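Construct the complete structure from the given sequences, taking the supplied hints into account.
There are 2 protein chains.
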Amino acid sequence: MNANANLITERPTFVTHLECSWTGEIYEADKPHNLSRAGKPLLVRYDLKGVRAALSKDELSQRPNDLWRWRELLPVRRAADIVSLGETTTPLVPLARSKVGGGGEVLVKDEGRLPTGSFKARGLVMAVSMAKAFGIGHLAMPSNGNAGAALAAYASRAGMRATVFCPEDTPEINLSEIALQGASVYRVNGLIDDCGKLVAQGRETTGWFDVSTLKEPYRIEGKKTMGLELAEQLGWELPDVIFYPTGGGTGLIGMWKAFDELEAIGFIGSKRPRMVAVQAEGCAPMVRAFEDGTETATRWENAHTLAWGIRVPQAVGDFLILRAVRDSGGFAMAVSDEAITDAVASVARDDGLLLSPEGGATVVAYRQALTDGRVRRDERVVLFNCATGLKYPLPPMHASLDRTKPIDFAKLA
Amino acid sequence: MNANANLITERPTFVTHLECSWTGEIYEADKPHNLSRAGKPLLVRYDLKGVRAALSKDELSQRPNDLWRWRELLPVRRAADIVSLGETTTPLVPLARSKVGGGGEVLVKDEGRLPTGSFKARGLVMAVSMAKAFGIGHLAMPSNGNAGAALAAYASRAGMRATVFCPEDTPEINLSEIALQGASVYRVNGLIDDCGKLVAQGRETTGWFDVSTLKEPYRIEGKKTMGLELAEQLGWELPDVIFYPTGGGTGLIGMWKAFDELEAIGFIGSKRPRMVAVQAEGCAPMVRAFEDGTETATRWENAHTLAWGIRVPQAVGDFLILRAVRDSGGFAMAVSDEAITDAVASVARDDGLLLSPEGGATVVAYRQALTDGRVRRDERVVLFNCATGLKYPLPPMHASLDRTKPIDFAKLA
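Chains as they are written, first to last, in the UniProt record's numbering: chain P, 1 to 413; chain A, 1 to 413.
These aren't lab readings, by the way, just hints derived from the structure by calculation.
The model shown is predicted, which means the values in this text are computed figures rather than measured ones.
The beta-carbon is built from N, C-alpha and C at its ideal position, and this holds for glycine as well.
Heads up, some of the hints might be wrong.
Said to hold, decoys possible - One-sided excerpt, in silico: chain A residues whose CB lies under 8 Å from chain P:
#1 Val-93
#2 Glu-172
#3 Thr-294
What follows is the structure in structure tokens.
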């Protein structure tokens, strides 16, 4: 097996068209698109009967372990358009000592292992590869940090320009990473949706292509590979519950789409996990809409949380998130920053796994859901850790020893 | 295929004994060891005929993609002793736009994808698993940062104590990571070998077990999986040249051992890569010894380099590094901090790959070796990026936009 077989093998492609997620209106596949005429996300549709005939589980299992193994369910038509930095399958790491309650199996999908250290790589590798296929030269987006870093990396690799707008309190490490990886990055006095407005405003003058969350159709196709991978890793038996830290929600929507596609090609049955959208108490528009029973969500004013990745006051895919959560029998819940900090610390200390705050939020939500009975102890649960904890400012540590003086080793025993 | 099959399947084990790397003296396998009576590293020996009969390439290819797939060539005897955080196979990412000269294939083995973001995970997962098998309760080591982080993570996961001593100028991010992951960590006014002396001094009082580089036999067994993986990923055809950032040198020694073991079990032939030990100009004891033609290396005084991971003034495995380099027809070379910084910047900017400074050092060395003719353009080269660039202080970035005022988008085009 050639380790880069997925990147160089020409493949049959099965994309038939794109479809407005709100009206169902059909759009042509092989040209660039942003939102539909209704201002809603476009979804990529495949000839799933064709995929079913072309792909077997056995064939799949022979391919190298990266997201490009899902060739038939991805939109890239020519291998030459793939812009890769090594998108390896991420591991499922069980919580062991830090697991609460015991009994249930709690698996952390550790997305920090992807290029640029976050799950944003999945979406951006697909968006940039498609942009390359379309001959686009300049991409722009708003970002709380991780998406911008992934965009910068893939755009540079493809020889494209990238421009990223970040909220002004975005951590220095994220801005530096974006800039080092060749993008133009600006701090903006506002939140991520304010940054998004700049991308829209500058579009005509600059000619850049808007790759904001769900405002182009391919990031979701990349993100759906989380669901594809999960199904295969668990032997084609989906978990009982998935806790997903939800900002723009692309991954949650993408996984939900992936499960339907896997069922259509005969790889799984009709069983679905309950999808749980996890947000922060300081920015919980989906939780509010879920509890209010509304189909869409209104903007969350004065959004604040240390979990930057889910500080998204308003999501263009709000109705898709809410539909997936409701159709799955799942729920939405908000957790406090204080509990997030505690959870990150306890999982690092007890299990050696340094989660991102967003990943920590799923731990908190799981613990709360166990307590309030919405999840049972005998259920298999997957928590998404969307980025490595190394991408976030860590609390300082200051213990020192002077080796030129006598050391009381008994105190270190 | 069960995704964690490598972690739960009981395996035949083939370790026969340990052997002093200097005198050849034999040591019993199934008990804890530090250095040999000669004060030199111990090497683990296997019944390779047994492995040859037990393991086929086809069988191997069916197993999940993590370092535990190499069951028969690893020292852990019982699956229950494995302490895992998901040690997935790391990708080989080709340099594309930042490649110099063109022609040759330059593959970066991106070790930053491992748990705790560095290749130190390979060695420590093995050392900690073996310590668990031996019932050891407290581990200690000196570290420039990454090894300590890996030790902390695995020790915490195994429920063991860990104590780490770091040079006082170790970056804050590394100290914080080590502390968060449950270890006791101390800054010490000195370099890594000074820190190592504290581990030795405190041993009797504290009862901790010394897991310093090459001072216990199993880190090298973990590190050798870099060589095993590389061989398999390249279709059992080793590359022409390997550039390895060399501090303690465990990985270089380990890969060289791995290649011999692979040949003994019939997976590869006698072809070997030229092994190139890359050091920094401010700390180049191996380069000096290589050029002086000596069998061992003397301590490098006043060591300094921004590539912390290779700031190792004196290595207990010096003669093993020098032997591997010489036997392979390779060489040792030193690069400047300035060139490292430039290389990290150029690879990030042009190829979207944020290397560690140590990884950047291999890029510099490759470029220099191309120029001086020690490597030809038609040779296939592997560079080791030993950690994610996110674990190192990044240069600050400060461009901002005021969204409340008119923005001249033409300047951003």
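Hints, one by one, checked against the model:
no. : hint    : verdict
1   : Val-93  : 5 Å, holds
2   : Glu-172 : 6 Å, holds
3   : Thr-294 : 29 Å, violated
Hint compliance for this structure: hint 3 is the single one not met.
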